[in-house]
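Undergrad: Each chain, letter by letter, is given below.
There are 2 protein chains.
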Amino acid sequence: MKAKVHITLKPGVLDPQGKAIGRALASLGFSGVGEVRQGKLIELDLQADDAESARVEVRAMCDKLLANTVIETYTIDLEP
Amino acid sequence: MKAKVHITLKPGVLDPQGKAIGRALASLGFSGVGEVRQGKLIELDLQADDAESARVEVRAMCDKLLANTVIETYTIDLEP
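If you read the protein sequences in the order shown, they are chains A and B. Count along the first sequence from 1, add 523, and you get the number used in this note's numbering. Count along the second sequence from 1, add 523, and you get the number used in this note's numbering.
Note that these hints are calculated values from the structure, not bench results. Please note that a few of the clues may not be correct.
Said to hold, decoys possible - Each computed DSBU-like pair below joins lysine-lysine, with the alpha-carbon atoms no more than 30 angstroms apart:
hint, chain 1, residue 1, chain 2, residue 2
1, A, Lys525, A, Lys587
2, B, Lys587, A, Lys587
3, B, Lys587, A, Lys527
These figures come from a predicted structure and were not determined experimentally.
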């Protein structure tokens, strides 16, 4: 089973990396770009059999290691 | 319109960051985790009106700035 974890900064948390990307896009001539936010994408190969146990395990991984839940939120997509 | 760009390393490209995450997960007791790959997620607010022109613009942004197309691939998700 494959899990895709999207980790993004919570709304309101400053994102200097996203701001830098936005300014770079503007300097390249891309107008009409509003806010830019950068996050992380982590793809995991899991040996879990059913989706529910996989989701529980990935959620534990996020809370313990992958995400800083003080400033970040995460979403988990599972693919068989 | 919102665009989400997922940037991942092409298959076969070494991913030391993903390997480090995999080892850290194993050392925390998460067994059954196979390959781990880390990518980037970039969220953009766009002022484009129709999805097709937005997709063309975001693809140009990826090719010029956001992704290193020698070693990375990207997918674009658009939300109204």
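Undergrad: Would you check the hint for Lys587 (chain B) and Lys587 (chain A), treating anything up to 30 angstroms between C-alpha atoms as holding?
TA: Since the Cα atoms of Lys587 (chain B) and Lys587 (chain A) sit roughly 36 angstroms apart, the hinted pair is violated (cutoff 30 angstroms).
Undergrad: Under the criterion that the straight-line Cα-Cα distance not exceed 30 angstroms, is the pair Lys525 (chain A), Lys587 (chain A) satisfied?
TA: 19 angstroms, holds
Undergrad: Would the pair Lys587 (chain B) and Lys527 (chain A) pass a check requiring their Cα atoms to be no farther apart than 30 angstroms?
TA: At roughly 26 angstroms apart (the allowed maximum being 30 angstroms), Lys527 (chain A) and Lys587 (chain B) satisfy the hint.
Taken one by one, the earlier hints fail for this structure only at number 2.
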